[in-house]
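As they're listed, the protein sequences go chains F and U. Residue numbering for the first sequence follows this note's numbering, beginning at 1 and increasing consecutively. Residue numbering for the second sequence follows this note's numbering, beginning at 1 and increasing consecutively.
Nothing false has been slipped in among the hints.
Note: identical chains are not told apart, hence a pair may lie in one copy or across any two.
No more than 20 Å apart at the CA atoms, straight line, and that leaves these computed lysine-lysine pairs for PhoX-like:
| id | residue 1 | residue 2 |
| --- | --- | --- |
| 1 | Lys58 | Lys46 |
| 2 | Lys305 | Lys316 |
| 3 | Lys5 | Lys55 |
| 4 | Lys25 | Lys5 |
| 5 | Lys58 | Lys305 |
| 6 | Lys46 | Lys25 |
| 7 | Lys46 | Lys5 |
| 8 | Lys25 | Lys55 |
Because the hints were derived from the structure by calculation, they are not lab data.
Chain residues, written in single-letter form:
2 protein chains.
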Amino acid sequence: MATRKEVADKAGVSVATVSYVMNNKQGVSEETRARVWQAITELEYKPSYAARSLKIQKSNNLAVFINYLGDPFEAGLLNHLEERAREAGYFLNFQTFSSETEIEFRHQFAGRVDGLLLIGQTLQAETLQTLRANNLPIVSITQAASDHSFDAIADIDWEMAMYQLLTHLYEQGHRRIAFMENEHYNHPHHYRKIAFVKAMERLQLTFNEQYFLQGGGRLEQAQQQMYSYLRASSSEKFTAFVAASDLMAIGMLTACRQLQIAVPEELAICGCENILMTTQTEPEITTIHYPRKEVAYAAVDLISKLLQQQSAPSYKISTELVLRKSTIQQVSLV
Amino acid sequence: MATRKEVADKAGVSVATVSYVMNNKQGVSEETRARVWQAITELEYKPSYAARSLKIQKSNNLAVFINYLGDPFEAGLLNHLEERAREAGYFLNFQTFSSETEIEFRHQFAGRVDGLLLIGQTLQAETLQTLRANNLPIVSITQAASDHSFDAIADIDWEMAMYQLLTHLYEQGHRRIAFMENEHYNHPHHYRKIAFVKAMERLQLTFNEQYFLQGGGRLEQAQQQMYSYLRASSSEKFTAFVAASDLMAIGMLTACRQLQIAVPEELAICGCENILMTTQTEPEITTIHYPRKEVAYAAVDLISKLLQQQSAPSYKISTELVLRKSTIQQVSLV
DNA sequence: TTGTAAGCGTTATCAA
DNA sequence: TTGATAACGCTTACAA
Numbered sequence: 001m002a003t004r005k006e007v008a009d010k011a012g013v014s015v016a017t018v019s020y021v022m023n024n025k026q027g028v029s030e031e032t033r034a035r036v037w038q039a040i041t042e043l044e045y046k047p048s049y050a051a052r053s054l055k056i057q058k059s060n061n062l063a064v065f066i067n068y069l070g071d072p073f074e075a076g077l078l079n080h081l082e083e084r085a086r087e088a089g090y091f092l093n094f095q096t097f098s099s100e101t102e103i104e105f106r107h108q109f110a111g112r113v114d115g116l117l118l119i120g121q122t123l124q125a126e127t128l129q130t131l132r133a134n135n136l137p138i139v140s141i142t143q144a145a146s147d148h149s150f151d152a153i154a155d156i157d158w159e160m161a162m163y164q165l166l167t168h169l170y171e172q173g174h175r176r177i178a179f180m181e182n183e184h185y186n187h188p189h190h191y192r193k194i195a196f197v198k199a200m201e202r203l204q205l206t207f208n209e210q211y212f213l214q215g216g217g218r219l220e221q222a223q224q225q226m227y228s229y230l231r232a233s234s235s236e237k238f239t240a241f242v243a244a245s246d247l248m249a250i251g252m253l254t255a256c257r258q259l260q261i262a263v264p265e266e267l268a269i270c271g272c273e274n275i276l277m278t279t280q281t282e283p284e285i286t287t288i289h290y291p292r293k294e295v296a297y298a299a300v301d302l303i304s305k306l307l308q309q310q311s312a313p314s315y316k317i318s319t320e321l322v323l324r325k326s327t328i329q330q331v332s333l334v
Numbered sequence: 001m002a003t004r005k006e007v008a009d010k011a012g013v014s015v016a017t018v019s020y021v022m023n024n025k026q027g028v029s030e031e032t033r034a035r036v037w038q039a040i041t042e043l044e045y046k047p048s049y050a051a052r053s054l055k056i057q058k059s060n061n062l063a064v065f066i067n068y069l070g071d072p073f074e075a076g077l078l079n080h081l082e083e084r085a086r087e088a089g090y091f092l093n094f095q096t097f098s099s100e101t102e103i104e105f106r107h108q109f110a111g112r113v114d115g116l117l118l119i120g121q122t123l124q125a126e127t128l129q130t131l132r133a134n135n136l137p138i139v140s141i142t143q144a145a146s147d148h149s150f151d152a153i154a155d156i157d158w159e160m161a162m163y164q165l166l167t168h169l170y171e172q173g174h175r176r177i178a179f180m181e182n183e184h185y186n187h188p189h190h191y192r193k194i195a196f197v198k199a200m201e202r203l204q205l206t207f208n209e210q211y212f213l214q215g216g217g218r219l220e221q222a223q224q225q226m227y228s229y230l231r232a233s234s235s236e237k238f239t240a241f242v243a244a245s246d247l248m249a250i251g252m253l254t255a256c257r258q259l260q261i262a263v264p265e266e267l268a269i270c271g272c273e274n275i276l277m278t279t280q281t282e283p284e285i286t287t288i289h290y291p292r293k294e295v296a297y298a299a300v301d302l303i304s305k306l307l308q309q310q311s312a313p314s315y316k317i318s319t320e321l322v323l324r325k326s327t328i329q330q331v332s333l334v
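Assemble the whole structure, with the sequences as input and the hints as a guide.
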């Protein structure tokens, strides 16, 4: 790799001039500028990121805390995050986050990234403090369950969305509506449970802890839990299930097929997110649409602003229900 | 952020000594070592990555060229890559790669990452040359279609696997076997087509260009192409389809369901990779198992070795077929 | 319009 | 066993 010094020598100027040219500063004569560019091209000179970072105290790297790349919802979000980050000149470091590794984790980022993008995780107070001390702005995509204030949040209006979804089920005649949750509290799914509970209360529907199955956010576990639930003989069964994620909804649907439970006739199932796979199942799955591209772009824009000391108000949009066969019956239950 | 100088002052030693302690060099008295550690802890000192990178000319970052994060196969691979990279002390930069951006792309990495992890892409000769000039080792996960030699490759034995898959179809009575390809040549799917062609020849099965449908690697396109194919009236129809990816196989299955074509009775469908979703469809999909964790770990290990100037021989393992209902009939076609 | 030089926070060589 | 000090390659006053 050619260095700036070599370019300077070749062009017969000082190193400073090379910098001026590289950074498009004005006050350099056209003639010198051309000569310097020529040398740059010939030597295939590329500035050193490390040196530049050290000097300006910026890395142009952003860390993204992910929960599980095997979830298509998250992968889709990351896809768009990366897209937008590139436009903005950032490199992204994807980091799988879990509570077990949180403590060693929190010291990893100072000086290595300029900011953090979370996906609905709940951080320990001390982690938050360390990150703050290192002057790292934090933007969360999707609301975390605990409300420690990040610098900004980009999300949909979950309470509204969940209320709409439950209203739809209510109109279809459902009264006993259960929820497949993700029992890990520091996970974006957890806030969806909170929204579910609020919506149930608002509709004055009864529920208790029995109404919550633990799917762990994973398809396999959701499928297995649903299977157990369906096999357990119980006098009063639920008539509808909301899953905290589409992936879990898909697992539940498979459990129903295995046990020959008709969906939606015997049981309605719906999810959150609207991942592509919900259109490939039989029946297709009713869900809450989560506009991944829009939210991801907003999140990158927010953190860009924060890094330029601009104000960055949180972004929260309303969204739509996607009604599909898994909750729609010809004849209502009522 | 405290710097090394502050630590040195606080501990009453020189900056060099702090470095010795941080890097666990021997030759420092226990007493000084303790004093320095104390200062480090109290000041919450963390070494600066940028400074360190500049000095030792290493970033401990690796770039990963991805094709499409929306494909669960790739996302799964990345999940394991990240896992292993973390153990090895690397941060990963995921970069969506496409031919359109390849030219600007190739200058982005010098000095910013220590090496590259590809996922079956085919690079232009000049890109390869630039990367080489910058002394970046390149390891490819899955074989690229063109055989420019990377420093190492971690993959399964596609030719063997595809031959096994076709043999299975052959034994089920199929003779007219088509392939849903990904027409983008610089993509891992492309090598699977090559393996398919070889296996067809080995089994002495006839085929021509009509035998290839273009699915673009995406579920939506595969579904649509399959739909068109199925609707087009043709005297001689294929009896089996191999898709270059499971995602495309799923799209094809949906097209069949939409047109009420029975799988596997009227048409057999199978894929490659064995993503989780192939167990959630009706019928479940026969596929080639791709051990993502194993291959991903191997790839990170290979690049680690290369970065330590150790020899790193390519890794190629045989794999297994996963037989499921989408290709298995009670009564054979023969 | 261009050059000089200090400094970013490390590592590592050489002395002491 | 420890301390000075010269790089690493860049940015940016300030000087010329």
